[in-house]
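S.K.: Read top to bottom, the protein sequences are chains A and B.
Following the working numbering, the numbering of the first sequence begins with 668 at its first residue and continues without gaps.
Following the working numbering, the numbering of the second sequence begins with 2 at its first residue and continues without gaps.
Since the hints were made in silico from the structure, they are not lab data.
Note that this is a predicted model, so its numbers are computed, not measured.
Ideal Cβ positions, reconstructed from N, Cα and C, are used throughout, including at glycine.
There may be inaccurate statements among the hints.
Stated by the list, open to error - Below, simulated SDA-like cross-link-like pairs (lysine to any residue); rule was C-alpha separation at most 20 Å, straight line:
hint : chain 1 : residue 1 : chain 2 : residue 2
1    : A       : 1691      : A       : 1603
2    : A       : 1691      : A       : 1289
3    : A       : 1290      : B       : 68
4    : A       : 1691      : B       : 59
5    : A       : 1691      : B       : 83
6    : A       : 1613      : A       : 1539
7    : A       : 1691      : B       : 68
8    : A       : 1691      : A       : 1483
9    : A       : 1290      : B       : 59
10   : A       : 1691      : B       : 43
11   : A       : 837       : A       : 734
12   : A       : 1691      : A       : 1635
What the hints assert, rightly or not - Label-pair distances were calculated between CB atoms; the ranges are:
hint : chain 1 : residue 1 : chain 2 : residue 2 : range
13   : A       : 1470      : B       : 47        : 23 to 33 Å
14   : A       : 1134      : B       : 82        : 38 to 48 Å
15   : A       : 1255      : B       : 82        : 34 to 44 Å
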Amino acid sequence: MSGHGGEHGPGGGGFGLHGWFLRGLGLAEGRPAVQAGTETLTYGQAHQTALTWAGSLCAALGGRPAAVGILAGRSVTGYLGVLAGLYAGAAVVPLNPDFPAARNRAALAAAGAAALIVDDAGAAALAASPVPVPNTLPILNTAPLLETGAVPGSRLVPVRPAEAAEEPAKAAAGDDAYILFTSGSTGRPKGVPITHGGADAYFGHVAERHGIGTGDVVSQTFDLSFDCAIFDLFAAWGGGARLLAVPPGALRDLPGFAAEHGLTTWFSTPGVISLVRRAGGLRAGALPGLRRALFAGEALRAVDAAAWQDAAPGAVVENLYGPTELTITVSGHRWSPGASPALAVNGIVPIGRIHPGHDHLLLGPGGEPVAGEGEGELCVTGPQMTRGYLDPADDRGRFLEHASRRWFRTGDRVRRLPGGELAYLGRMDTQVQVHGLRVELGEIDHAARSCPGVEDAVTVAIDGGDTADLVLFHTGSPTPPRDLADALRGRLPDRMIPRRIHHVEALPANPNGKTDRRTLTRLAEGLAAAGPAGSHGGTVHGLLDRAATAAPDAPAVRDAAGRWTYAELDRHSRLVDAWLARRGIGRGDRVVVQSPGTRELVALYFGIVRRGATFVPINPGTKPFQLRQVLANADPRLVVVPAGTLGPIADAVAAPLLELGAAWEEITHAGPAAPGPGGAAKGAASAAVRPDDVAVLVYTSGSTASPKAVVCPHAQMTFATASIQAVLEYRPDDVVFCRFPISWDYGLYKVLLACLARCEIVLAGEESDLRLLERIRETGATVVPLVPSLAEMLVALAAREPARPASVRMFTNTGAALPRATAMALRAAFPGATVVRQFGQTECKRVSIVPPEREHERPGSVGPPLPGTRVLVLGPDGAPVPPGATGEIVAVGPHVMPGYWRLPELTARTFRRDEAGRARLHTGDYGRLDEDGHLYFEGRRDDMFKRKGIRMSTLEIENAALDVPGVRAAVAVPPGGDRDLALVVIGDAPPHLVLRELARRLEPAKVPARCEVVEELPLTAHGKYARLEVAAMLEGGVR
Amino acid sequence: MFDADAEPSTEPSTEPPIGTPADAGSWPDPAFETVLRRHLPFLAPGEEITPELPLRDHGLDSLGTVTLLVELEDAYAVRFRDEALTPRTFRTAGTLWKVLREIA
């Protein structure tokens, strides 16, 4: 039915999908077929290698495998793996090494994979996975990494040229060529089989439409697990063209890359266009050699298509559309600068006409096809349609029986344009009802993007009580929400104006690069909880108001003395508010409180911020000596401390000084009953608290002797809380066990996170450490924030009672890197619990978090940026360094605090402004970003030092030491005085062995001169290793 | 006289215990002293461990307390009762020794 070529054609040879490679082999045997980096193979070489691999696999398995998994990145090995799988007569199951191991394992099992082909990236992923690949799954020995035994328990199949297959396996039209996994709405991926017959029909159409030939160089940008990669491979190979892997770095200078390699054919997601534009690669005529530019995977904006056409005047630009279930793409629109802009709907390029040989219909709301120029859910039938999901249960609701045929329901809303082309409107779920009227979220996005200063915009809908509330997130200039709303009123009907507008630095993306609407929706919900509609930021006490209204009887906070519900906590916070009013404390006044972690402290926290005053919490362990300095610095209007502290600081402060118990007496007995939520505190003459008012001053340790406090306004605190919650997803039935003082931002924000989720927080102090595990059990704790030393305590305590499980489902770690051995011991002691890695600073609360479901990916990474924020890594000149290079970690976003309290110079040095006036936090921490924007922390400036002329960090030496079997903790001590670089460890390995193992992992200059083994390492008040004291231990002789 | 209190206090007392363990002849046990010394980084090598020696002041922090507990349990093949897992037990060498002797 489609005109694919003659006797070389696949249909004639009976080879199905890989027949298209054989076609290329016939056209271009000696010419390059694949190129990745400097590695290139000709068609002849690729063919022979694939035959060898296929033959070796079949020999080892004793026959044709039904399916072969390809766990690989975009490498020559990956491409050959696909071909070899098909040559062996198997269905190919491509898997992304960066995806969670559990997901890949499930896919392999569902597909019935009999063997695995991996490249180095795939082998590294296997090695990093905590659960080994089942011993029964043989792995073709295609990656050098496999030789090192890095993947324990694997059965390696040797590659033997002597066993090469004579010829590729034949394929019947109904045989599966590929099995791809797409995310299901339940969260469990669905397997989509693509048959040789369907693929054959597709590539016949492709050959005719695009005419790729032996002179072409075709880009390979899609991950192999993405169906568009199949196009890259077989559209290139079918024409005898060269398939060229495009490394992510190439986007930084695409014109240069394209020119260097003679790129003629570009295929990518539309999202790439803004990246290339931002890097300056989209100037008019910048891509003269391009003959075709194809885009697929998400909506293509007309402005982007036009820009690309300008950059590549010689290219045919096309927008391709199609779900995986319809085999890669099933329709296309050829961009015409003259005609296409008028056809765009909501600024999106049409998806064009469905491929020949197929039929489509638009399903209306009543379940009947819509005729003429109407709108409905696009349904398609024809040879490219999948035969059904791997699991037939997944077919439910996805297929339509109509006119005696079976149609696939795409879940996309589409409009038929005059002329017959189709236009994409959005997913079925991007249309919501607002006061009974339909609102297309994409329409709001489009209108927002046309407003001045807006770079990108995404609208989500959250539950607004009686109807959906529209929440708009935008990047670009931080236009005041009121101005943006005004601009939108000129473009949209009133009911479509978002009730809440938030400027963010970046829109969170999920692993395949699409906007992560789920996370954005949760962020929107969190921000809504903090403040009323129409505001651009919430208040800290707004979170408590919301919790007390929605869940008054839910437990809020528990200490050694008892627990309060949200209603009780709210009531006590209002008593505090009224009390402060009576004492003349108003907006902007500082209230210093030193108290152990109690319910009353939490009530004071919320009451003080509710008043509009500033809460200044002090660690219970702070001695009068330091407290005096803090008081001088904070200049409070009121000070509340324990009895024993009163005397020593009485002369240090002019403001009233109260003992905790006496203050609480006044709070609870001296005043009239406080009104409930929604009413104003009696006597409150001060105006309502604004989001940019200062809620808390958090004193942090610094390298200087004088105290330093971070100014934390309501807006930043509530944003950080909402964004963290969007990732961690605390649930109402969670119990958060908080061992950390509220004076530390870790504890301070756990209170807010629990409040946002309306779950309970248990406050535990140091005195209960011996019974930590018992306390965790008896409170039913489900979430436990940790620092590494606390983790070790837990592991030691759990080892005493291995048979008694606890209810913990999540540990979050911050402060310092958690040694891998400790993380594994935690998981062993608490089966089923995830361990979440994070990185942050009080100055912006948190910089990055590894989402719990991606726990096992990228070991060593501290995760992607907090949703809505951006992370930069800057070199000494202030310019961003390339991915993989080390530089200073800089955070940008609504979470960055305004500065330090009354320290203008330090503030100016740390919180700098960029050209657009946006605040950037220079963390003083050093690290790198990988190609996907995930952060790796390497050390603080003071962790860096020079030895033998080479710059290194204590952290990299410690990380290497922690990798040595038997080492449980390590502190590297830089050279000082006449003492050379030394290492102090806790563990079972003798010093000489540790040094020898380090020599295998580090450059010679980085191997310490000396190693001491100790039983314990001194800790700071926050549970981090006290480096100066460790150094002192070395001076004084180690015990 | 130190004995097992009905309620473990939430704040460690600032006063040292009155009196010494009843059976003075069994103090000090070399194994106990060895294990204990390892967890007191601020104790000089030649410095004597007396019953009144305050452990926290000599470098026993919270993580140290837990690892000390586990080591003593391993060394003496015993298990501290939950009620004995209090700051009081670990206040001085003497209080710790007393509790340990009751179960060893």
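S.K.: Checking one constraint from the list: CA of residue 837 of chain A to CA of residue 734 of chain A, max 20 Å. Satisfied?
M.R.: Given pair residue 837 of chain A, residue 734 of chain A holds - Cα atoms ~15 Å apart, limit 20 Å.
S.K.: Below or equal to 20 Å on CA atoms is what counts here, so check residue 1691 of chain A against residue 1483 of chain A.
M.R.: holds, 7 Å
S.K.: With 38 to 48 Å as the target window, see if residue 1134 of chain A and residue 82 of chain B comply at their CB atoms.
M.R.: violated, 59 Å
S.K.: May I ask you to test the hint 34 to 44 Å on the CB atoms belonging to residue 1255 of chain A and residue 82 of chain B?
M.R.: Roughly 53 Å apart at Cβ, these two residues miss the hinted range, so it is violated.
S.K.: Given the hint that residue 1691 of chain A pairs with residue 59 of chain B, test it: the Cα-Cα distance must not exceed 20 Å.
M.R.: holds, 19 Å
S.K.: Looking only at beta-carbon atoms, does the pair residue 1470 of chain A, residue 47 of chain B fall within the given range of 23 to 33 Å?
M.R.: At roughly 44 Å between Cβ atoms, residue 47 of chain B and residue 1470 of chain A fall outside 23 to 33 Å, so the hint is violated.
S.K.: What's the verdict on residue 1691 of chain A and residue 1289 of chain A, does the C-alpha distance respect the 20 Å limit or exceed it?
M.R.: Status holds; Cα separation ~17 Å.
S.K.: Please work out if residue 1290 of chain A and residue 68 of chain B have their alpha carbons no farther apart than 20 Å.
M.R.: With Cα atoms ~27 Å apart, residue 1290 of chain A and residue 68 of chain B exceed 20 Å; violated.
S.K.: Do the alpha carbons of residue 1691 of chain A and residue 83 of chain B lie within 20 Å of each other, as the hint requires?
M.R.: violated, 28 Å
S.K.: For a C-alpha distance cap of 20 Å, please report whether residue 1691 of chain A and residue 1603 of chain A respect it.
M.R.: Distance of about 19 Å is within 20 Å: holds.
S.K.: Next pair to validate is residue 1691 of chain A with residue 43 of chain B; report whether the Cα-Cα distance is within 20 Å.
M.R.: holds, 18 Å
S.K.: Compare the distance between the alpha carbons of residue 1691 of chain A and residue 68 of chain B with 20 Å, and conclude whether the hinted pair is satisfied.
M.R.: Answer holds: residue 1691 of chain A to residue 68 of chain B is near 17 Å, not above 20 Å.
When held up to the earlier numbered hints, the structure conflicts with 3, 5, 6, 13, 14, 15 and fits the remainder.
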